[in-house]
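One letter stands for each residue in the lines below.
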Amino acid sequence: MLSAVLFSIGAATVLLRRNAIIVFMGVELMLNSANLAFVTFGRMAGDIDGQVIALFVMLVAAAEVVVGLAVITAVFRTRRSASVDDANLLKY
Amino acid sequence: MTATVTAAPLMAAASTDMAGGEAVMFCTVAPIMVLAALGLLFARKAVHAALGMALVMVLLGIVYLAQDAPFLGAVQVFVYTGAVMMLFLFVLMLIGVESGDSLVETIRGQRVLGIGFSLGLAVLLVGVLWQVPFGAPAGTEAANENGNVTALAEQIFGTYVWAFEVTGALLITAVLGAMVLTHRERSERRPAQAELARLRIRTGPVKAPLPAPGVFARHNAVDTPALLPDGTPCDESVSRVLVARGQTQEAEVYVRGTARICSELSSPLDGPPGPGDRGGTGEDGEDGGAATGKEGEPQ
Numbered sequence: 001m002l003s004a005v006l007f008s009i010g011a012a013t014v015l016l017r018r019n020a021i022i023v024f025m026g027v028e029l030m031l032n033s034a035n036l037a038f039v040t041f042g043r044m045a046g047d048i049d050g051q052v053i054a055l056f057v058m059l060v061a062a063a064e065v066v067v068g069l070a071v072i073t074a075v076f077r078t079r080r081s082a083s084v085d086d087a088n089l090l091k092y
Numbered sequence: 001m002t003a004t005v006t007a008a009p010l011m012a013a014a015s016t017d018m019a020g021g022e023a024v025m026f027c028t029v030a031p032i033m034v035l036a037a038l039g040l041l042f043a044r045k046a047v048h049a050a051l052g053m054a055l056v057m058v059l060l061g062i063v064y065l066a067q068d069a070p071f072l073g074a075v076q077v078f079v080y081t082g083a084v085m086m087l088f089l090f091v092l093m094l095i096g097v098e099s100g101d102s103l104v105e106t107i108r109g110q111r112v113l114g115i116g117f118s119l120g121l122a123v124l125l126v127g128v129l130w131q132v133p134f135g136a137p138a139g140t141e142a143a144n145e146n147g148n149v150t151a152l153a154e155q156i157f158g159t160y161v162w163a164f165e166v167t168g169a170l171l172i173t174a175v176l177g178a179m180v181l182t183h184r185e186r187s188e189r190r191p192a193q194a195e196l197a198r199l200r201i202r203t204g205p206v207k208a209p210l211p212a213p214g215v216f217a218r219h220n221a222v223d224t225p226a227l228l229p230d231g232t233p234c235d236e237s238v239s240r241v242l243v244a245r246g247q248t249q250e251a252e253v254y255v256r257g258t259a260r261i262c263s264e265l266s267s268p269l270d271g272p273p274g275p276g277d278r279g280g281t282g283e284d285g286e287d288g289g290a291a292t293g294k295e296g297e298p299q
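Quick mapping for you: the protein sequence lines, in order, are chains A and B. Using our numbering, you'd call the opening residue of the first sequence number 1 and step up by one each time. Using our numbering, you'd call the opening residue of the second sequence number 1 and step up by one each time.
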């Protein structure tokens, strides 16, 4: 239940905020809520696979954060803006 | 306690059979976590959002610990609050803390649709989870027989070893990608120090080191400009950061004090010395410390 609520808040953040970094944190929140669901269901099922998968999700999320923040930094350096609306270079 | 505990967070609102300690823990942690996550959604400043996010991460680590996943709880605190959120904060500092969020709607109706979709998603997820009949949880005692870390290691380096290797490759690729993305090629050669010094002598307005700030008998601080030999304050003697912040002192009081002292010093030389001159110094002593600055020390 908490996981669902957190996931919804993360999704709302992604949809509503304009600052790229905050949007990114919303993605992180969604990943974490999924992790929580994995751990909880793994415990209910009585095996440890849920924790293993949550660990892998964490690893992939770390890699994703590194690349995503690098992209945000690069875009900010060229466009002087961290807003997701200004990144329209691929538009036309 | 954990042997009799039923499903923790997912059943929270619906279940009544959660064991006491964990129920109390969950009912304490969950509202804080939701509030912090809402802070991420509503905080005006990105730094506040990041701090709320860090709080969510720490609390998630606590929930993992309570759910028989001590290794995952520790890793959650280390990796997320320690590494990832600090990375976020570093990038926030890098691209400017004050780069605010424009609340202008660029796509018409996007905000309404976004709120609608988010609420719909919340209702859907909560509703589905509400309807699922959860049995009594099996618990991970059997799997954790030799310890949680051992069990995890057996899974990771046994069943999932291939995925683990691929994750390593993914991490290395991510590191390389981040380096490539943030690398900046210098288009011209970096000027050496000798060239910078020569350029400064050729073009700069001030050749010598900048004058020191004012040193007065009753006031001695970097926020007061020094006085030049003619009594005017020297603007270059104060740091321009202080000037920009408006934190400098007025030099006017010292200008007046210096002028009066000069006139008193010069009057016995110009006119005949007399009791009037003594009276002058007595008067100066009377009005105290307000205006009796001494001369500045221009360079």
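Derived from the structure by calculation, the hints contain no laboratory data. All C-beta atoms in this analysis are idealised placements derived from N, C-alpha and C, irrespective of residue type, glycine included. Please note: incorrect hints may appear among the correct ones.
Between beta-carbon pairs, the in silico distance windows are [unchecked claim]:
id, chain 1, residue 1, chain 2, residue 2, range
1, B, T150, A, T78, 47 to 55 Å
2, A, G46, B, V128, 44 to 52 Å
3, B, T203, A, A74, 28 to 36 Å
4, A, G46, B, Q110, 38 to 46 Å
5, A, G46, B, V161, 32 to 40 Å
6, A, T78, B, Q247, 19 to 27 Å
7, A, T78, B, V243, 31 to 39 Å
One side only, chain B facing chain A, incomplete, derived with CB under 8 Å [claimed, not checked]:
id, residue
8, M86
9, L94
10, W162
Each hint, compared with the structure:
Between T150(B) and T78(A), the C-beta spacing of about 49 Å keeps the proposed range 47 to 55 Å intact. A C-beta distance of roughly 22 Å is found between G46(A) and V128(B), which places it outside the suggested range of 44 to 52 Å. Between T203(B) and A74(A), the C-beta spacing of about 34 Å keeps the proposed range 28 to 36 Å intact. Between G46(A) and Q110(B) the Cβ separation comes to about 44 Å, which falls inside the hinted range of 38 to 46 Å.
Judged by the Cβ atoms, the range 32 to 40 Å given for G46(A) and V161(B) is violated: they are separated by roughly 23 Å. With their beta carbons about 35 Å apart, T78(A) and Q247(B) fall outside the hinted range of 19 to 27 Å. Take T78(A) and V243(B): their Cβ atoms lie about 33 Å apart, and the range 31 to 39 Å holds. With 8 Å as the threshold, the beta carbon of M86(B) stays out of range of chain A, its nearest partner Cβ sitting at about 11 Å, so the hint is violated.
Here the hint on L94(B) is kept, as its CB sits about 6 Å from the closest CB of chain A, short of 8 Å. At its closest, the beta carbon of W162(B) sits 12 Å from a beta carbon of chain A; the interface hint therefore is violated under the 8 Å criterion.
Checked against the numbered hints above, the structure violates hints 2, 5, 6, 8 and 10; every other hint is satisfied.
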